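Throw the hints in and build the complete structure from the sequences for me.
2 protein chains.
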Amino acid sequence: MKWEENVRKVVPYTPGEQPNRSGVIKLNTNESPYPPAPGVAAAIERLVPDRLRLYPAFPEQTALAAELAGYYHVGTDQIFIGVGSDDVLSMAFMTFFNGDRPILFPDITYSFYDVWAEVYGIPYETKALDAEFRIRTQDYVTPNGGIVFPNPNAPTGVLMGLAQVEEIVAANRDVVVIVDEAYIDFGGISAIPLLDKYDNLLVVQTFSKSRSMAGMRIGYALGSPQLIKYLNDVKYSVNSYTLNYPTLELGVEAVRDKAYFEACCGRIMQTRTRAEEELAKRGFTFPKSYGNFIFASHKSMPAKEIFERLKENDIYVRWWNKERIDNYLRITIGTDEQMETLYAALDQICGG
Amino acid sequence: MKWEENVRKVVPYTPGEQPNRSGVIKLNTNESPYPPAPGVAAAIERLVPDRLRLYPAFPEQTALAAELAGYYHVGTDQIFIGVGSDDVLSMAFMTFFNGDRPILFPDITYSFYDVWAEVYGIPYETKALDAEFRIRTQDYVTPNGGIVFPNPNAPTGVLMGLAQVEEIVAANRDVVVIVDEAYIDFGGISAIPLLDKYDNLLVVQTFSKSRSMAGMRIGYALGSPQLIKYLNDVKYSVNSYTLNYPTLELGVEAVRDKAYFEACCGRIMQTRTRAEEELAKRGFTFPKSYGNFIFASHKSMPAKEIFERLKENDIYVRWWNKERIDNYLRITIGTDEQMETLYAALDQICGG
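Residue numbers (this note's numbering), protein chains in the order written: chain A, 4 to 355; chain B, 4 to 355.
It is worth saying that the hints were derived from the structure and are not from the lab.
Since the model is a prediction, treat every value here as computed from it, not as a measurement.
Take these hints with a grain of salt, some might be off.
[Stated by the list, open to error] Below, computed lysine-lysine pairings styled on DSSO-like, alpha-carbon distance capped at 30 Å:
{"hint": "1", "chain 1": "B", "residue 1": "K232", "chain 2": "A", "residue 2": "K5"}
{"hint": "2", "chain 1": "B", "residue 1": "K200", "chain 2": "A", "residue 2": "K5"}
{"hint": "3", "chain 1": "B", "residue 1": "K29", "chain 2": "B", "residue 2": "K307"}
{"hint": "4", "chain 1": "B", "residue 1": "K12", "chain 2": "A", "residue 2": "K12"}
{"hint": "5", "chain 1": "B", "residue 1": "K130", "chain 2": "A", "residue 2": "K12"}
{"hint": "6", "chain 1": "B", "residue 1": "K130", "chain 2": "B", "residue 2": "K5"}
{"hint": "7", "chain 1": "B", "residue 1": "K314", "chain 2": "A", "residue 2": "K232"}
{"hint": "8", "chain 1": "A", "residue 1": "K232", "chain 2": "A", "residue 2": "K29"}
{"hint": "9", "chain 1": "A", "residue 1": "K314", "chain 2": "A", "residue 2": "K291"}
{"hint": "10", "chain 1": "B", "residue 1": "K232", "chain 2": "A", "residue 2": "K29"}
{"hint": "11", "chain 1": "B", "residue 1": "K130", "chain 2": "A", "residue 2": "K5"}
{"hint": "12", "chain 1": "A", "residue 1": "K261", "chain 2": "A", "residue 2": "K29"}
{"hint": "13", "chain 1": "B", "residue 1": "K232", "chain 2": "A", "residue 2": "K314"}
{"hint": "14", "chain 1": "B", "residue 1": "K302", "chain 2": "B", "residue 2": "K291"}
{"hint": "15", "chain 1": "A", "residue 1": "K12", "chain 2": "B", "residue 2": "K200"}
{"hint": "16", "chain 1": "A", "residue 1": "K302", "chain 2": "A", "residue 2": "K325"}
{"hint": "17", "chain 1": "B", "residue 1": "K12", "chain 2": "A", "residue 2": "K130"}
{"hint": "18", "chain 1": "A", "residue 1": "K307", "chain 2": "A", "residue 2": "K325"}
{"hint": "19", "chain 1": "A", "residue 1": "K232", "chain 2": "B", "residue 2": "K12"}
{"hint": "20", "chain 1": "B", "residue 1": "K232", "chain 2": "A", "residue 2": "K325"}
{"hint": "21", "chain 1": "A", "residue 1": "K232", "chain 2": "A", "residue 2": "K284"}
{"hint": "22", "chain 1": "A", "residue 1": "K200", "chain 2": "B", "residue 2": "K200"}
{"hint": "23", "chain 1": "A", "residue 1": "K232", "chain 2": "B", "residue 2": "K5"}
{"hint": "24", "chain 1": "B", "residue 1": "K200", "chain 2": "B", "residue 2": "K29"}
{"hint": "25", "chain 1": "B", "residue 1": "K307", "chain 2": "B", "residue 2": "K284"}
{"hint": "26", "chain 1": "B", "residue 1": "K12", "chain 2": "A", "residue 2": "K200"}
{"hint": "27", "chain 1": "B", "residue 1": "K291", "chain 2": "B", "residue 2": "K314"}
{"hint": "28", "chain 1": "A", "residue 1": "K12", "chain 2": "A", "residue 2": "K325"}
{"hint": "29", "chain 1": "B", "residue 1": "K232", "chain 2": "B", "residue 2": "K200"}
{"hint": "30", "chain 1": "B", "residue 1": "K29", "chain 2": "B", "residue 2": "K314"}
{"hint": "31", "chain 1": "A", "residue 1": "K130", "chain 2": "B", "residue 2": "K5"}
{"hint": "32", "chain 1": "B", "residue 1": "K325", "chain 2": "A", "residue 2": "K232"}
{"hint": "33", "chain 1": "B", "residue 1": "K130", "chain 2": "B", "residue 2": "K200"}
{"hint": "34", "chain 1": "A", "residue 1": "K284", "chain 2": "A", "residue 2": "K261"}
{"hint": "35", "chain 1": "A", "residue 1": "K232", "chain 2": "B", "residue 2": "K29"}
{"hint": "36", "chain 1": "A", "residue 1": "K314", "chain 2": "A", "residue 2": "K5"}
{"hint": "37", "chain 1": "B", "residue 1": "K12", "chain 2": "B", "residue 2": "K130"}
{"hint": "38", "chain 1": "A", "residue 1": "K261", "chain 2": "A", "residue 2": "K130"}
{"hint": "39", "chain 1": "B", "residue 1": "K232", "chain 2": "A", "residue 2": "K12"}
The following block contains the structure:
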């Protein structure tokens, strides 16, 4: 068709499977195994149907930003909120990576980065992680159009120390550096304190993992007021109202309950420690993970085979048919009970 | 700052005010004065907090598309759903208007069109409406990169007949033509039946007006399976999950209750008929409106003055400081009671 000539043609990102059957153990998309904070359930009950007829606006939108600002001890003008951290990152790519020089990110990383670069026509270069999946600082001390990396990295779980993050941000004051902290709450140290020193730093986080709200789609960014203003200008040039009324109401409650949040993260980290032992016992090796997942390779059985056999047992983990990582499985940390089922299945599949 | 050189700089769209006070009569953003369908309230009560920890996915996403497909008698592969029709239109601009030729839209129209064109770097030309705010077919029979117009037009409320819509679509088979039907349910005739004949037609509608769910942010497009596939590819290159779990659940109920929907639209049209009489009595003229609003000009008092005086009386209507329309007010059709308060205020302000 002639009209197809004007179409932006892209190869979209492929998310992890969402099997539509009960009884499945879902360790493939890094969701939390625990429900959201009890206050969220109470907020659902308080929702007023008639309020849905009005556009979501002030004061709700301000309330969620204010809650996050209070939590992280920054100004409300330093908070940007989006429809999941994917929306936030996508907007940030569109806003800040609008130059001619290539942006830089690791070769093994969140597989949405190159998709956003392609859809927005952003030139990019990937930099190879070292043999232990670590980012090499010197790779990012070179002229570029911007930098983005997850910390901890995905899907490896490898954490970069705050000193190295600062080194990269400081060496790139003339571009925007995005630190994607989707998994920071599971033992990592956030770059948020660096915001006071660097107006070119954007830190992105999400409600989807540590706050048990993947189904609500809330992500946010923290940055200098100037960065956030540019981001909001682009956002308001795309869609005035992206977070709906229930999202704004429930989101506040998820931030407010710090004790519950810390308890959930603590439980997941405990289960992760146990998983390290159990997986090691069964012949797996993996980098030390600071995420709610473990990126593991078996000593003798190919990852693809284990992936498929687990699926036959209704246990979903994640596997990528990609160079350098095609012998790894990314296993989300579930409940202790789910993990026991996983270990038993692994005994059947690759034990001996 | 040096990093600002790479920033995409834009002038964002300005939505209507959302006054944060009770007692205000809000006739400025074309929201419905009636609550969403009763089934929506029931669906809120059925929401399961634990479900929020999982990404929104199948079967919910399929269910809403299937409900809409059933309602409009098209295939599920002919439905695209987004975060309000702004999200749908923005995605459609990005997807279909990716050529070098200018896209075309009216000079007086939804004021987001030029904002999207700017943010995505799409060349555009506006075509002047005639003196009665009508689109002239011949303006759109010229080489172009795509066409978009609302029908009924915003903010005028002027309806284009289906034959004229078809004429424009048929004359532009080599580009995509977007008909933005945000206000079609208030007496207009939709272009949906033309989808069988034209694979280059995209019809966009919304839950924000006739379905009383502006606060939920749901919009959708209907088109040929090819168009919808391209649109989804771009959407999945930006954000895998944009509609959250509550949105998908509540959205289905809003579509399902056809009787309630038709009753609400009917009441709004009745109030509109009454408003035409009352406004005419008070010295206003206006084109015949097919939206849930009236675009009115007073015979002697400037629109800006009436706008400001109404606001002092806690009645918000919309006024634009823009060429050709700066002597008009766009007045949303509220409840009969709200409209009575408006008429009384107008008697004070410009009566005599």
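Structure-based check of each hint:
1. Between K232 of chain B and K5 of chain A the alpha-carbon distance is near 16 Å, which keeps this suggested pair within the 30 Å criterion.
2. In summary, the hint linking K200 of chain B to K5 of chain A is supported, as the alpha carbons are separated by about 16 Å, within the 30 Å threshold.
3. Between K29 of chain B and K307 of chain B the CA atoms are separated by roughly 17 Å; this keeps the pair inside 30 Å, and the hint holds.
4. For the hint pairing K12 of chain B with K12 of chain A, the CA-to-CA distance comes to about 25 Å; that is within 30 Å, so the pair holds.
5. The straight-line distance between the Cα atoms of K130 of chain B and K12 of chain A is roughly 29 Å, inside the 30 Å bound, and the hint therefore holds.
6. A threshold of 30 Å between alpha carbons decides the hint, and for K130 of chain B with K5 of chain B the separation of about 39 Å lies outside it, so the pair is violated.
7. Taking the CA atoms of K314 of chain B and K232 of chain A, the gap is near 29 Å; set against the 30 Å cutoff, the hint holds.
8. Between K232 of chain A and K29 of chain A, the direct Cα distance comes to roughly 38 Å. Violation of the 30 Å bound is thereby established for this hinted pair.
9. A hinted pair counts as satisfied when its Cα atoms are at most 30 Å apart, and K314 of chain A with K291 of chain A qualifies at roughly 25 Å.
10. Proximity of K232 of chain B to K29 of chain A is assessed by CA-CA distance (about 28 Å); at most 30 Å being required, the pair is judged to hold.
11. Restraint check for K130 of chain B and K5 of chain A: satisfied, since their Cα atoms lie roughly 24 Å apart, inside the 30 Å limit.
12. Distance hint between K261 of chain A and K29 of chain A is fulfilled; the C-alpha atoms sit about 26 Å from each other, no more than 30 Å.
13. For the hint pairing K232 of chain B with K314 of chain A, the CA-to-CA distance comes to about 29 Å; that is within 30 Å, so the pair holds.
14. Pair hint K302 of chain B plus K291 of chain B holds up; C-alpha atoms about 17 Å apart against a cutoff of 30 Å.
15. At most 30 Å may separate the alpha-carbon atoms for a hinted pair to count; K12 of chain A and K200 of chain B meet this at roughly 24 Å.
16. With a C-alpha separation of about 19 Å, the suggested pairing of K302 of chain A with K325 of chain A holds against the 30 Å cut-off.
17. At most 30 Å may separate the alpha-carbon atoms for a hinted pair to count; K12 of chain B and K130 of chain A meet this at roughly 29 Å.
18. The hinted pair formed by K307 of chain A and K325 of chain A meets the criterion: a straight-line CA distance of about 11 Å does not exceed 30 Å.
19. In summary, the hint linking K232 of chain A to K12 of chain B is supported, as the alpha carbons are separated by about 10 Å, within the 30 Å threshold.
20. In summary, the hint linking K232 of chain B to K325 of chain A is supported, as the alpha carbons are separated by about 25 Å, within the 30 Å threshold.
21. Taken as a hint, the K232 of chain A and K284 of chain A pair is broken in the structure, with Cα atoms around 51 Å apart against an allowance of 30 Å.
22. For the hint pairing K200 of chain A with K200 of chain B, the CA-to-CA distance comes to about 60 Å; that exceeds 30 Å, so the pair is violated.
23. Distance restraint check for K232 of chain A and K5 of chain B: the Cα-Cα separation of roughly 16 Å lies within the 30 Å cut-off, and the hinted pair is therefore satisfied.
24. Restraint check: the Cα-Cα separation between K200 of chain B and K29 of chain B comes to about 41 Å, which exceeds 30 Å; the hinted pair is violated.
25. For the hint linking K307 of chain B to K284 of chain B, the alpha-carbon distance of about 20 Å falls within 30 Å, and the restraint holds.
26. In summary, the hint linking K12 of chain B to K200 of chain A is supported, as the alpha carbons are separated by about 24 Å, within the 30 Å threshold.
27. With a C-alpha separation of about 25 Å, the suggested pair K291 of chain B and K314 of chain B falls inside the 30 Å cut-off, and the hint holds.
28. Distance restraint check for K12 of chain A and K325 of chain A: the Cα-Cα separation of roughly 22 Å lies within the 30 Å cut-off, and the hinted pair is therefore satisfied.
29. For a cut-off of 30 Å, the pair hint linking K232 of chain B to K200 of chain B stands: about 18 Å separates their Cα positions.
30. Among the hinted pairs, K29 of chain B with K314 of chain B is consistent with the structure: their alpha-carbon atoms are about 10 Å apart, no more than 30 Å.
31. Under the criterion of a C-alpha separation no larger than 30 Å, the hint pairing K130 of chain A with K5 of chain B is consistent with the structure, at around 24 Å.
32. The straight-line distance between the Cα atoms of K325 of chain B and K232 of chain A is roughly 26 Å, inside the 30 Å bound, and the hint therefore holds.
33. Taken as a hint, the K130 of chain B and K200 of chain B pair is honoured in the structure, with Cα atoms around 26 Å apart against an allowance of 30 Å.
34. Annotation: proposed proximity of K284 of chain A to K261 of chain A is violated, straight-line Cα distance about 35 Å (limit 30 Å).
35. For the hint pairing K232 of chain A with K29 of chain B, the CA-to-CA distance comes to about 28 Å; that is within 30 Å, so the pair holds.
36. For the hint pairing K314 of chain A with K5 of chain A, the CA-to-CA distance comes to about 43 Å; that exceeds 30 Å, so the pair is violated.
37. A hinted pair counts as satisfied when its Cα atoms are at most 30 Å apart, and K12 of chain B with K130 of chain B qualifies at roughly 26 Å.
38. Simply put, K261 of chain A and K130 of chain A have alpha-carbon atoms about 37 Å apart, too far for the 30 Å limit, and the pair is violated.
39. With a C-alpha separation of about 10 Å, the suggested pair K232 of chain B and K12 of chain A falls inside the 30 Å cut-off, and the hint holds.
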